[in-house]
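Residue numbers (my numbering), protein chains in the order written: chain A, 1 to 652; chain B, 1 to 652; chain C, 1 to 652.
Just so you know, the hints here were simulated from the structure itself, not pulled from any lab data. Since we're looking at a predicted model, the values are computed, not measured. Some hints here could point you the wrong way.
To be verified - Here are the simulated lysine-lysine pairs, DSS-like style, with alpha carbons at most 30 Å apart: (1) K83/C with K157/A; (2) K258/A with K157/A; (3) K479/B with K258/B; (4) K309/C with K21/B; (5) K21/C with K516/A; (6) K377/B with K516/C; (7) K29/A with K83/A; (8) K558/C with K377/B; (9) K403/B with K651/B; (10) K310/C with K601/C; (11) K477/C with K310/C; (12) K516/C with K482/C; (13) K516/B with K21/A; (14) K286/C with K558/A; (15) K176/C with K83/B; (16) K377/A with K516/B; (17) K286/C with K516/A; (18) K176/C with K371/B; (19) K176/C with K377/B; (20) K83/B with K310/B; (21) K176/B with K371/A.
Said to hold, decoys possible - Residues on chain B that point at chain A, a partial pick, calculated with CB under 7 Å: (22) F182; (23) E186; (24) Q192; (25) E194; (26) P196; (27) V200; (28) E202; (29) T203; (30) H204; (31) Q423; (32) Q503; (33) L504; (34) N508; (35) S519; (36) E521; (37) R524.
Glycine included, C-beta positions come from ideal geometry on N, C-alpha and C.
Spelled out from the first residue to the last, the chains are:
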Amino acid sequence: MLGICYYPEHWPEEMWANDVKEMCELGLKYVRIAEFAWSKMEPREGQYDFAWLDRAIDVIASAGLKVIMCTPTATPPKWLIDKYPDILPVDVNTGTVRGFGSRRHYDFSSENYFNEAMRITEVLAKRYGEHPAICGWQTDNEIACHDTTHSGSENAKVAFQAWCERYYGDIDSLNKAWGTIFWSMEYQDFSQIELPILAVTETHPSHNLAYRRFSSDQVIRFHDEMIRIIRAHAPDRFVTHNFIPMVDTQTDNYALAKNLDFVSYDNYPLGRTDLFFEHMSPEEFKPYMRTGHPDFSSYSFDQTRGVSKKNFWIMEQQPGPVNWGHHNPRPENGMVRLWSWQAFAHGAEVVCYFRWRQAPFAQEQMHAGVKRNDNSKSQAWYEIEQVRDELASANIDTSAPVKTRVAIVTGTINQWVTEIERQGDSYNHQQVEFTYYTALRQLGLTVDFVSTDCDISTYDLLVAPCLPIVEQGFIDKCKAAKAHVVFGPRSGGKTSELSLASQLPPGNIQQLIPLKIHSTETIRPDCSELMSFNDRQYDSKLWREEIVFPETVMTIAKYHDGRPAVARFENTTYIASLTCENFLVDYFEVVAAELGLDVVKLPKDVRIVDRGSVVFVFNYGHQEQRFTAPQEANFVIGSEVLAPFDVAVYKR
Amino acid sequence: MLGICYYPEHWPEEMWANDVKEMCELGLKYVRIAEFAWSKMEPREGQYDFAWLDRAIDVIASAGLKVIMCTPTATPPKWLIDKYPDILPVDVNTGTVRGFGSRRHYDFSSENYFNEAMRITEVLAKRYGEHPAICGWQTDNEIACHDTTHSGSENAKVAFQAWCERYYGDIDSLNKAWGTIFWSMEYQDFSQIELPILAVTETHPSHNLAYRRFSSDQVIRFHDEMIRIIRAHAPDRFVTHNFIPMVDTQTDNYALAKNLDFVSYDNYPLGRTDLFFEHMSPEEFKPYMRTGHPDFSSYSFDQTRGVSKKNFWIMEQQPGPVNWGHHNPRPENGMVRLWSWQAFAHGAEVVCYFRWRQAPFAQEQMHAGVKRNDNSKSQAWYEIEQVRDELASANIDTSAPVKTRVAIVTGTINQWVTEIERQGDSYNHQQVEFTYYTALRQLGLTVDFVSTDCDISTYDLLVAPCLPIVEQGFIDKCKAAKAHVVFGPRSGGKTSELSLASQLPPGNIQQLIPLKIHSTETIRPDCSELMSFNDRQYDSKLWREEIVFPETVMTIAKYHDGRPAVARFENTTYIASLTCENFLVDYFEVVAAELGLDVVKLPKDVRIVDRGSVVFVFNYGHQEQRFTAPQEANFVIGSEVLAPFDVAVYKR
Amino acid sequence: MLGICYYPEHWPEEMWANDVKEMCELGLKYVRIAEFAWSKMEPREGQYDFAWLDRAIDVIASAGLKVIMCTPTATPPKWLIDKYPDILPVDVNTGTVRGFGSRRHYDFSSENYFNEAMRITEVLAKRYGEHPAICGWQTDNEIACHDTTHSGSENAKVAFQAWCERYYGDIDSLNKAWGTIFWSMEYQDFSQIELPILAVTETHPSHNLAYRRFSSDQVIRFHDEMIRIIRAHAPDRFVTHNFIPMVDTQTDNYALAKNLDFVSYDNYPLGRTDLFFEHMSPEEFKPYMRTGHPDFSSYSFDQTRGVSKKNFWIMEQQPGPVNWGHHNPRPENGMVRLWSWQAFAHGAEVVCYFRWRQAPFAQEQMHAGVKRNDNSKSQAWYEIEQVRDELASANIDTSAPVKTRVAIVTGTINQWVTEIERQGDSYNHQQVEFTYYTALRQLGLTVDFVSTDCDISTYDLLVAPCLPIVEQGFIDKCKAAKAHVVFGPRSGGKTSELSLASQLPPGNIQQLIPLKIHSTETIRPDCSELMSFNDRQYDSKLWREEIVFPETVMTIAKYHDGRPAVARFENTTYIASLTCENFLVDYFEVVAAELGLDVVKLPKDVRIVDRGSVVFVFNYGHQEQRFTAPQEANFVIGSEVLAPFDVAVYKR
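Model the full structure from these sequences, guided by the hints.
Encoded structure:
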C-alpha cells in the first residue's frame, strides 16, 4: 500500500480538502502528520493549540485515509530551549554547544529534555490515542541523525559515570575490565571518569566502547519511555520509528527496534549514493548518479527487515532531487516506480512518499515533493500512479514474510570497534560489510541481516564480514547450526571490553577453525597487492592478517607471496584479508553450489528478488536487458525484456 | 597619474627627505600615509603624538606631492583592546574570540569600538581636515578582509535582534516572512533570535540571509559614519576606500560605495590568481603564475568602476612577489608596467604602488616594494619609470569615462544566496560570474557591472550570470530596456526572503520568457555531460535545470538527452545549465552580431580595451603576438607587434 | 648490546620470573621499567606503593640484568589532575583544554605540575638512586610528543610575559626588536603581550619566534630540573632521555640534550615512513612500506648522535607492526635484524626493543612485541636471536666513535622560521633537509649533524640545507674552517629576531660569497621548472631565488631561463632553488671528488657505513645485490652477495 508525508501546518487551511482528494486519486492510504509541529501545538509553555490539528485530522479522516501521528520531539521550540538551556547537546569534537536553529538540538542525557519530551508525548497520546482515524504512531524523527547520539555535555558525563557504576559495579572491576594500569589511567572513584573526548591523543579503547554503549543506552531509554507512554494511551495502534541507515545511528539498532511493532525506513537512494559512494571514480559513479547504487537501498531494506525480523514500512521515499547530498541529481524517469517495487520486493508493506508538496520555504525548499510548490504534479506523481495501478492488478501480498537461507551477521558494536581502533585509516566498516552484501546480491541471493543474538538455525550460509567481538554463545550457535559460516578479517580478535583475545585472534573462532593470527597489518589503499584463488587474481588490500594453521585446515586462497589468505575447516571459512567483490562473488558461487543454493549470474545492474511464489526483477542499467524466466512464469508486471530502469514481476 | 603607499613611521626620520626626492624622480604625485599608525598617534589612551606625522606631511608636501590621509581604524592598539575586550570579534565557525596580534581585530557590532573608531577619526579629521597638502582621505583599510564582516559575538546577536525588529516590525511578520513554522522554529519575541551559527545542522536560509543583510548594514553604518565625520572637518577633500575584490567583502558593495567620492581597489594579480584559480590544473595554471589571469584584474577593475559608476583609483598595486598567496611567484618582467596600463585602460585615474620600500620586519617582510629593504631599486622601479615616461608622452586622459553597451548584472546578494543554499557543493558563484565575464572579454567587449538598482537603459546586452532574487522593478526595467537580456541558471528562483518563487523558478523572469523549471539537479564536478549548440558540443556541468516552455519559445541548445538547455524568447535568453566558457564565447558572438556589437576574436591571452578614441592592447602570453590595427591608428605606445607581456596603445 | 622495555605492572607477578629467564636467553642485558606507572606507585596522593616495583627489580636483578628506571611524569594520574586542573594543556589551534584520558596531558608552564613532577622524581630518586641493579635513568618519555611543547593556557601566557621581560629587558627593546610599529602592535607593558595564537589573521613572526623560544625553554627548564634531582640522589648512574625524531620536538634539541649523559632514540622505521613519506606516489612508496625508507632511520640516528656528540642508545626499537601510523604494515622478515645492525653502524651502543610482550589491553594492544600477548614468540624473537649471535661472533666495538669529514648544519630554529613564515605552503623543512641527507648517503658518505654552535673545524664538507638565521659567529667559524660550505636556499636571509637581513639575503653569508638575492618566489608544487648543470636537466621547484653577483662568482647551474641558480665563490656554494635529490647527488659527487672524499655510487636501496676498521652494508631492496669489497675485507657477517633485507659486515 502507499502513503504520504503531509504537513498541513505549512499550507493554507483552504488547500487541505483538495490535497486529500488528490491523495485519494493517487491511491494513497496513509498520511503521516504532526512531525516537527511542537511550536504549533504549544506556542508558549503550557498553552496548547490543537484545534488546527483536529481539523486537519478530520479532513484526512473524512476521505477515508488513515493517519500516522508523530511525536514532535525532534524539534523542541525556542521557548523550551530558553527555559532549559541544558537541552542543547555539546559537540564531542570541539566541546562547543550545538545551538538552536535547525533540528535535533537535544541531548539524550538532559533530564529536563527527557521530562519535557515525555510530557508533550503524553499530552498528544492522551488527546489522540483513541482517535479512530489514527492507526499508528511514529516516535520522534530519524533518531540519531546529524550525529546526535553522542554529546560531550556535563549531563552526559554525569550520566556516563552513573552508567559505568551500574555496568561495572565497583571501580576496581572497571579498572580491571578496561586495563587502566596502562598509561596510569587507574581510577579510584566513578566520579573521576571523563568522557573519552578532547584528550591529548587517542583515548582508551575500552573507555570509548563503554561510552558508545552508554550513549546507545541513553537513546534507547528515551525511545522506550516514549513508546511506553504512547501505548498507555493509544490501545491497538502500532508504534514505529523511521530509521536512517542503520550505520548512521551509532545505536544498537536491534535494541532500539525491540519495543516497536515494526520498523520504518526513510529511503533516499540518490542522497545516500552521493554520500556513501563519494570515494568512487567518476567512471564508476556516473552510471548510478541518477539511479542510486543497485544494492544500497536493498542493503538498507534487508537491514531494516532484520532488526525487527518482520516486514517493514518505507516511511519516507525520495520522489525527486533532494537537498542534502553533496550533489543532488534528479532521478531518471522510472526510478521512483522502480524504488517503490524494490522496497516491496524486499519486504516493505507500505511505501510513503516524502513529501506531498515541495515546501516553499526553509531548509528543505529544494527537496522535491510529489507535487511542486505551485501545486503542479511532478514526475513522481505519474510514477506513483503507475505503482498504484500495478499494485491493484498484480495483486501481491506485501505482508508475506521474506524467506532466505542466507544471512549476514551484523551489529553496531562491530562498527564501534573499527571506529575506535582504526589501525588503518582506510578501513571503513560499512564499505566492508557492503562489499560482502553486494557480492551475495550479484548472485541473486536474498540476504537476511541477523545479530549474534538471533536464531541462526535456519540458515545455510552465514557471512560475518567483520565481527571483532565473538562471545561463546555465538560460537555455540554456530556449532549447532547447519550453516557454512564465513568470517571476514578482523573477526574474533577482541574481548567484550575491546581487549585482545587472550588466545590470539580470531579468539573464540578458533573453536570453529583451528587457526591463529600471528600478525596483522594495514596497507595504504593505493598499495594493494594480489591474492589468488582458483588460478585467478584478486585484490588484497587495506587489512591483511598472517594466518597459521595445522594441515587439517585447507588453504583456499593465497597472498602474492604464497602465504595463505583464505582458509577453511569443515563448515567454517576464514578470509584473512580485505578483498574485492570479484573474489567474494566467485567464492560465494562455489560455496553456494556446495550448499545447494540457487545462484544466478545476472547482467551488470540487473537484480532479482526471488520470493518463491513471486519473483521481482529490476534493471538499474541504462541499457535494455533480457533475462530468461522459467516456463511457468506468469508475468504480472513487465516481461523478460527490461527497458532501462524497468521492473518485471512474475508469479509461479 | 601615479602614487605610492608610504609608512614614514617604519623608517628613520633622516631617510624621509631622500625618499620623497626619489618619489618625485619616479614621477609619483600621491602619497598615502598613516594607515595602521594608531599606536604611534595615540601611544596611550588620550595621549596623542602627532608631531612625527606633522613632520612627515611637511616633508612630503615640501616636494609638491599630495597626501592621502588614512584613518588607522583597521588596527586598534592593545591598550584599547584591554580596556574594551568586547572589541574583539568572534569566529562564526568555532565560537572562539579572534584575538589581538594581527589586524582587523574588531567587531562591527561593538558599540565601544564604534565610538572609539569615530573618536580617533574625528581627532584626525579635525587636526588635518584642512591641511593644504592633504587632497583626500582613505577610510580604514580593506574593510571586511580576513572574513571580518561576520561576527558571532553577543554584541552581534543583540544588534541583530534589533535589526530584525526594525526590518520586520513585529515577530509575526518575521515568522511569516521566514517560514519558521518549518521545524518548529516559530519565535514569540525578537529576543529569542540567535545568530544562525553553530547549530546542529544547517540553519534556516531566510534567517541566514537576514544575518548577512544585517552584517552588511553594520559595515555600512560604521563606514558611513566615518565618512560623515571626515566630511564635517575636511571640506573639498575626497573620501575613498581601498576595496578588496568585491566578492570578498560579504557586504553590499554598491551601498558601501554610495557615500564615497570614488572607489579605490587594491590590485594584486598574482596573489589573487593563486587563490582564485587554485582549482586549475597545472597545465592551465602555469602560464599565468607570473602574469596573473588575463581577465582577473580587469574583472575587479570593471566591478570597481561599477559600484560608483565612475573612474577609480588603484590604491595598492603589486610591485613584485607578495607574501599571502599559497604560493607567491615573482611577476614576469614587464608585468608591473602591463598591470598599470591595464588599470588605466579600464578606468583608473591614478595607480599607487604598494609599498615604497619593502618592510624589514613583521608580517609583510616578504612582500616586495618598489625599493628593496636595503634601499636598492627593485625591478618595479624601472617599470614604473617606463609608465611615467609613457604617460607623459602618450598624453591620455585617464579621467575620460569608460563607455560600453554591455553589462553584467551583479550584486552581493546573489553570492549570499548561493553560499547559504549550496544544493551542490561545487557551485562557486564567483567562478560562475567570472566565466561569463571572461567569455565577453575574449570577444573584445568592454563590460560594465551594474546592480539591479542601476539604470540599464543604455545597454544593448545585459548578462545576469546568477540572479536568484529578481524583484518586479528589475523586470519592469528589462521590459523597458532595449537590451537583449541573458540569464544564467539559478536566476529568478527565489523571493526576497529566500523562499521559492511561488510560480516556480525562474519566478518573475517568466514575464520575459514563458518557461518554467520543473526540476533542478546538481552534479559532481567530475561527472559532466555534454550539450550541443550549432552542431558543436560543450560541457554541461554542476547545475542543470529541467525547463519546460510553449512552442513560442525557441530552443537554442540541447542537453545530451535532447531536452532543451538554452531557450530564447524575443529579447530574453535563459541558459539552464552551468556550461563552459567556450559555449559562452560562441553564443555571445552570435548575439553580439545580431546586436551590432563589434567583436574581435583575439589570440589567446591577448586582450583589447577599445575606448573609442584610444585603444589599449595587452599581451599576457609568453609568445610574441601580432594584431591588425585600423588604418587610422596612431600608435602612442608600442606597435602591432606585441612582445610577451607587452602593451600597445593607439589613438584614432 | 641489547635490551628491552618491560612493564611488569601489566602482567601477573607469577609471570615475571619466566619473563626474565627468557630475556636472558635472548641475550638481553638491559631492562627499562616504571615508565607511565605513577598511578601504580602513588594510587592516591601521598600514599606510595613501591613494594611491587621493589619485587620487580629484584626479579630482574637476580638474573644479572641491569635496570633503566624511568620517571613516570608523562602520565600524571587522574587524582592529580582533579587536584590541579591547570596541569592540563590548552590546544593552540582551538583554545580548548586538552583533557585527561591518554598521555602527556600536562602543560610545561603549570607550576603545579612542575612541582608535582619534581616531587615524584625526587621520591623515586631517593628510593632507588643507589640501588645496585639500576644502571641509569630515563627522564619522562618522548618529551614533546603529541604536539605538547606548545600550550595556549593562561599559565603559558603569564610565563611567556615573564620570559619576554627577561629576554628583552624593557618593553621598548621588545618593540624595537620585533618591529611592533607595524600594524599598531606597540606594547606599553609586558603584561599586554598575548600568545601569538587564535588571532584574526597571521601573527607577528618575531612574536611567534619568541613564543617558540620560550616554549622550548620551558621544556628544557622542566627537563633540566628533573636531571638535577636524579643526579642529586643517583650517583654514578647515567641519565638519558628517549627522543622522538628531532623534527617533532619543537624544542632546541642540542639544549635539551646538553645535561644528559647520552641521548636515546625511539626507532620506528615503518610508522615514521608511513607519516613522513605520505606524499609519495604509491610507486615510490610501496617498495618501502615494509622496510622503511633506507635513509630515514639513519637520518634520525645521525641527528641523535649529533645532539650529544657521542654514541647513543636505541631505547625503543620497533619489533613488528605498530598501531599509530595511518597504515601499519608488518616488517619484511629480516628487517628487525637489519634495523638493529643499522643502528649499531650509525653509533648505537645499545638497542632495546619495545616491548617485551604485546599488551592485551588499552591504546597499544595492536602494537607488536617481541612476544605475542599469548606469550608465543613473534618473528622479532628469532631475528633478535640472530643479532645476539652475530654480536657475539663479530666482536664489534659499538662504543667506538663515529668519524666523518661531512656534516649537515641543522637546528630547530631553522624549522621554526620556515613554519612561522611559510611564504610557500608546500615548503617543508624536514623534507628539504632530508633531501640533502639522502643525497649524501646515496654517495656512501657518513654524515654528522652539527648546530651552528658546534666545532666545525674538522670537516671537509659542510652542508646547510636551510639556515635562515646566520649569526656572525658562524660566519667566522666558516672563514676559519677548511671546509667547503654549501648553503641551500632561504639561508642567511633573516636576523635573529626573524626580520629581513638589512644587507638583503643571504645576509651574513655575503661575507663568504658576494651575492645578493634580489627577489624570492615560491611556486606551486605541480608547476616545477627545470634547471641545468653539466648539460643535464633537474627540477627547480617550490622556492626560487633571483641571485645577482659579480663576475668573480662562478655560475654552477642555471634556471630554465638562463639565470643563475647555483653559484660558487672559493669554498662556498650557494644553491638558490629547491631542487631534486638527483642534482644534489651529482653535485656532491663533484664536490667530494675535489675534496678527496671517497664516494661510491651504490645500487638503489643499498647503503654503506664505512667506519674505517669496520664496514657495514645493508640491502633495503627486494632484489639480491652484489657489491665489491676490498681485498683485505674480512667478513664477520654475510658476504659480497646480499639477499633482500640482508646485512654484511667486514673488517679491514
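Now the hints, each set against the structure:
no., hint, verdict
1, K83/C with K157/A, "holds (18 Å)"
2, K258/A with K157/A, "holds (26 Å)"
3, K479/B with K258/B, "holds (27 Å)"
4, K309/C with K21/B, "violated (56 Å)"
5, K21/C with K516/A, "holds (26 Å)"
6, K377/B with K516/C, "holds (13 Å)"
7, K29/A with K83/A, "violated (40 Å)"
8, K558/C with K377/B, "holds (24 Å)"
9, K403/B with K651/B, "holds (16 Å)"
10, K310/C with K601/C, "holds (28 Å)"
11, K477/C with K310/C, "holds (22 Å)"
12, K516/C with K482/C, "holds (24 Å)"
13, K516/B with K21/A, "holds (26 Å)"
14, K286/C with K558/A, "holds (20 Å)"
15, K176/C with K83/B, "holds (24 Å)"
16, K377/A with K516/B, "holds (13 Å)"
17, K286/C with K516/A, "holds (27 Å)"
18, K176/C with K371/B, "holds (22 Å)"
19, K176/C with K377/B, "holds (25 Å)"
20, K83/B with K310/B, "violated (42 Å)"
21, K176/B with K371/A, "holds (22 Å)"
22, F182, "holds (3 Å)"
23, E186, "holds (4 Å)"
24, Q192, "holds (5 Å)"
25, E194, "holds (6 Å)"
26, P196, "holds (6 Å)"
27, V200, "holds (5 Å)"
28, E202, "holds (6 Å)"
29, T203, "holds (4 Å)"
30, H204, "holds (6 Å)"
31, Q423, "holds (5 Å)"
32, Q503, "holds (6 Å)"
33, L504, "holds (5 Å)"
34, N508, "violated (14 Å)"
35, S519, "holds (5 Å)"
36, E521, "holds (4 Å)"
37, R524, "holds (5 Å)"
Comparing the model with each numbered hint stated earlier shows that hints 4, 7, 20, 34 do not hold.
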